[in-house]
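*Asks:* Take the given structure of chain A and dock chain B to it, following the hints.
One line per chain: the protein sequences are A and B, in this order.
Numbered per our numbering, the first sequence spans residues 1 to 323.
Numbered per our numbering, the second sequence spans residues 1001 to 1294.
Simulated from the structure, these hints should not be mistaken for laboratory data.
Do not take every clue at face value.
Capping the alpha-carbon separation at 30 Å, the derived lysine-lysine pairs in BS3-like fashion look like this [as the list claims (entries may be wrong)]:
no.	chain 1	residue 1	chain 2	residue 2
1	A	K105	A	K320
2	A	K237	B	K1069
3	B	K1026	A	K320
Label pairs and their computed distance ranges (CB to CB) [unchecked claim]:
no.	chain 1	residue 1	chain 2	residue 2	range
4	B	H1084	A	K237	38 to 48 Å
5	A	E78	B	E1240	35 to 45 Å
6	B	G1255	A	Q297	49 to 59 Å
7	A	E15	B	K1101	52 to 62 Å
8	B	D1071	A	R316	22 to 32 Å
9	B	R1153	A	R316	16 to 26 Å
10	B	L1043	A	Q297	32 to 42 Å
11	B	Q1100	A	I7	39 to 49 Å
Computed footprint of chain B on chain A; a stretch qualifies when at least three of its residues, placed anywhere within it, have a C-beta under 8 Å from a C-beta of chain B [claimed, not checked]:
no.	segment
12	73-81
13	165-179
14	184-195
15	198-207
16	253-263
17	315-321
Glycine is no exception: its CB is placed at the ideal position from the N, C-alpha and C atoms.
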Amino acid sequence: MNTGLYIDFEKPVIELEKRIDEMRELATDENLELGREIRLLEHKLKKLREETFSRLTRWQRIQLARHPLRPYAAEYIELMTTDYIALHGDRAFADDRALIGGFAKLDELPVMVIGQQKGRTTKEKLAHNFGMCHPEGYRKALRLMRLAARFGRPILILIDTPGAFPGIGAEERGQAEAIARNIRDMAQLETPIVVVVIGEGASGGALGVGIGDRVLMLENSWYSVIGPEACAAILWKDHPNPVEKAPDAAEALRPTAQDVKEFGIIDDVLAEPLGGAHRDPETQALTIKKAVLARFQELSALPVVELIRQRHEKYRKMGKFSE
Amino acid sequence: MEWFRKNKERLVRQEKKTIPDGIWTKCTSCGEIVYGRELERLLWVCPACHYHFQIRYNQYIALLLDDGKLDEFDASLSSVDPLHFEDRISYPERISKTQQKTGINDAIICGIGRIDGRTISFGVMDFSFIGGSMGSVVGEKVARAIERSLDRRIPLVLISCSGGARMQEGIYSLMQMAKTCVLLAELREAKIPYISVLTNPTTGGVTASFASLGDVIVAEPQALVGFAGPRVIRQTIRQELPEGFQSSEFIRDHGFLDIIAPRAELRKTLSLLLEYMCGPQAGIHQSLKEGPAT
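Only chain B is shown next, with the shape it has when bound in the complex:
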């Protein structure tokens, strides 16, 4: 009866894959099977349904910045455990495991880069680091990215991807919303442009702080964007949510988003927006007086 017994060792628990690798990948939205190389060429967008797969920070850097290069700052910032928070594993253990798994110190990478030759302060969140949650490190790195914009008078571009605040840091993580928004008030006064890019998903404390305060807000198609998560809303109101609720398209139609840019057009969109918001501010009178270039 040996043949009848299941070989249990073969039953290895599969990590849920959000980032496609391997040869063939099944679209999480429509089920289409796509060849890996092809998917990479399409910037991880499903050719059948245009679902945008979640991609990592380095892929956005490669996609958006000149020469795919970011001069990274504040890479050494790392979480501490101010609450001595224990859940299934201790918070420091969760952090160090996640750092090993993801190769990054926390859920955002920040630095200086260029888009079409224009120097910007840039930050990109990574969902694979505890759901892109915002604790003190994310808050501090965003704050410093804003300060680099202020100090050098360069525009700010932040790519958000987050489930919200990091519960394990308690009230400290809530106050990162305050810290980032207070600095954005200074950036706004200094008339330095800030473009916020929302990717799938952007919810909770990140949406209720810096992600919603861009001078212009851009999102990838069909991203989940909202304050409360759909599960919480369903539990509270005890009714089904409308089709497409909290999608990029939904929030654009309700007036909280400027542009939905497919991934392939994101770089071009950002570049053009920066051109409109930066550049010499001669004022309308002067540009009219000089007339169009002939």
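Pulled out of the complex, with its shape left as it was, chain A reads as follows:
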């Protein structure tokens, strides 16, 4: 994992890993002294990893959710599924590449998989618009979901977005309407829907593909009504640089998987490898696949009418107030 891409609090761990790797290269069978030192450092590394990653602050989790090496939807589709066949376009305006999807097989189960895709390199980031959908992205998603429902295929949705795109074209083409319609129509889809937040779940941009019978979140993902930076800009509007206050806003918003689970909004938190999904994408993909297949199995036992009734009831109950 020596790519030079890390976030500040990971640095001591990464540096120690690098040192151990270098020593291993020098070590030979004869050099017992070096071997012993490596074992000592490995012990130290194990402790350091645990110290660093076992009690993460909310802000650190958000940083992991945005980690430059974090696996994106396309990688999970690659790792989890076979025979993926990508589908394109909303049949009205364009093919929004911030949202990818198509038929795929999860083990033997044919599903429709849909994901918000961020892109790794600058070129990819631009092509996928950093995972920020335009209305055509939401409409493409709905088209694919309806297709799945019509042919009795369950739907898996991978959420990872810093928000729906705020731009002129997006407003002209009805960003709000696209999101609202998706929410309403997803409520009626006659097939099981499992949603997994794999990275960032920012506001309406996430909810626009976020209605499901089961909603799961990865351990270091977040889901909130507003991102920490935008929240900080509102709360500390007199501050010369409100972005500095984003960690405080993150504390106030309680957006982590653990928070949202505690609020009863999502069904389960899926464990990540120690240090985050990017440290072992294969294992992470397997964790997601197993969890999703188990949920599909559970949901497939329900008659469609009951499935939809329970979906409605799930969302009907959300909210806290006094009366």
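*Replies:* Just chain B now, with coordinates in the frame of chain A:
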């Protein structure tokens, strides 16, 4: 030198007035000075530029419903503080101060009323309550208003005015978008009409949920309607926004709004729409067979 000193006590910070009172009012859009009584007679619409002043829930009730009367439901619903949210003041303190200032418990008033004798489930948002923001109370009250429509098979009319979701309630406020839209799916299946009325401003989570899902959508002229706020868009794309961007007229021209109704015509517009969408559903064949009344 006593005369030279400024009397600081006189410098009282003026609350920004969105609702005109006092004798003379300056139009926030064109600067025209209008006499208060005259403005009231004109339904708080500037006679010079037709700017629609923001008005409160009770003014819409008076304007739209028969006898200016709403049989209010769920008035006791009140916010709690699920996140223990602190900004400059704590959220519970913000709520109780706003309740005292506005005389209402949250940003929407719902109930049963009539328009030209037709019973409807009605809800009207009030911007003076934390910018008309939607938290659990607004979401729940909208949900119950939809359920009253379903239970009694009466049409739904919602007047929106909102800056979006209520940040202080975090993920709970986001999920109110889901709650309201899921219930609107049921209303749609039940073939019960829903008219959404957009007023200045309707943005964010309210636009991206129930406000955009009317069978027919009506807006007041020149209202700001959009998903992202203009400031956020300007910051993101780093260019100036076109003239009239995100106005009622703009979204109508882009196909997301049916009717722009000046305030004076709003009641008539709603009444006629309800007549078309309610009433006996004999079907086209039967009405043709019977022929026009002679």
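*Asks:* Taking the Cβ atom of Q1100 (chain B) and the Cβ atom of I7 (chain A), is their distance within the range 39 to 49 Å?
*Replies:* Holds, at about 45 Å.
*Asks:* Please test the hint of 52 to 62 Å on the beta carbon pair from E15 (chain A) and K1101 (chain B).
*Replies:* holds, 55 Å
*Asks:* State, for the Cβ atoms of H1084 (chain B) and K237 (chain A), whether the hinted interval 38 to 48 Å holds or is violated.
*Replies:* Since H1084 (chain B) and K237 (chain A) have Cβ atoms about 22 Å apart, the given range 38 to 48 Å is violated.
*Asks:* Please check whether R1153 (chain B) and R316 (chain A) have a Cβ separation lying inside 16 to 26 Å.
*Replies:* Roughly 19 Å apart at Cβ, these two residues keep to the hinted range, so it holds.
*Asks:* K1026 (chain B) and K320 (chain A) were given as a pair; does the straight-line alpha-carbon distance stay at or below 30 Å?
*Replies:* violated, 41 Å
*Asks:* Count the residues of the segment 198-207 of chain A with a beta-carbon closer than 8 Å to any beta-carbon of chain B: does the count reach three?
*Replies:* holds (count 3)
*Asks:* Would you check chain B against the segment 165-179 of chain A, counting CB to CB pairs closer than 8 Å, and say if three or more residues qualify?
*Replies:* Check passed, 13 qualifying residues.
*Asks:* For the pair supplied as a hint, K105 (chain A) and K320 (chain A), confirm whether the alpha-carbon distance does not exceed 30 Å.
*Replies:* Not satisfied, since the Cα-Cα distance of roughly 39 Å exceeds 30 Å.
*Asks:* Range first: 49 to 59 Å. Now tell me if the beta carbons of G1255 (chain B) and Q297 (chain A) are that far apart.
*Replies:* Once the Cβ atoms are compared, 42 Å apart, the range 49 to 59 Å for Q297 (chain A) and G1255 (chain B) is violated.
*Asks:* Return holds or violated for the Cβ distance of D1071 (chain B) and R316 (chain A) against the range 22 to 32 Å.
*Replies:* Holds, since D1071 (chain B) and R316 (chain A) (Cβ atoms, about 24 Å apart) stay within the stated range.
*Asks:* Mind taking a look at whether chain B covers the segment 315-321 of chain A? Criterion is 3 or more residues with CB to CB distance under 8 Å.
*Replies:* holds (count 6)
*Asks:* Go ahead and decide if the range 35 to 45 Å is satisfied by the Cβ distance of E78 (chain A) to E1240 (chain B).
*Replies:* Holds - the Cβ-Cβ distance for E78 (chain A) and E1240 (chain B), about 42 Å, lies within 35 to 45 Å.
Of the numbered hints given earlier, the model fails hints 1, 2, 3, 4, 6, 10, 12; all others are met.
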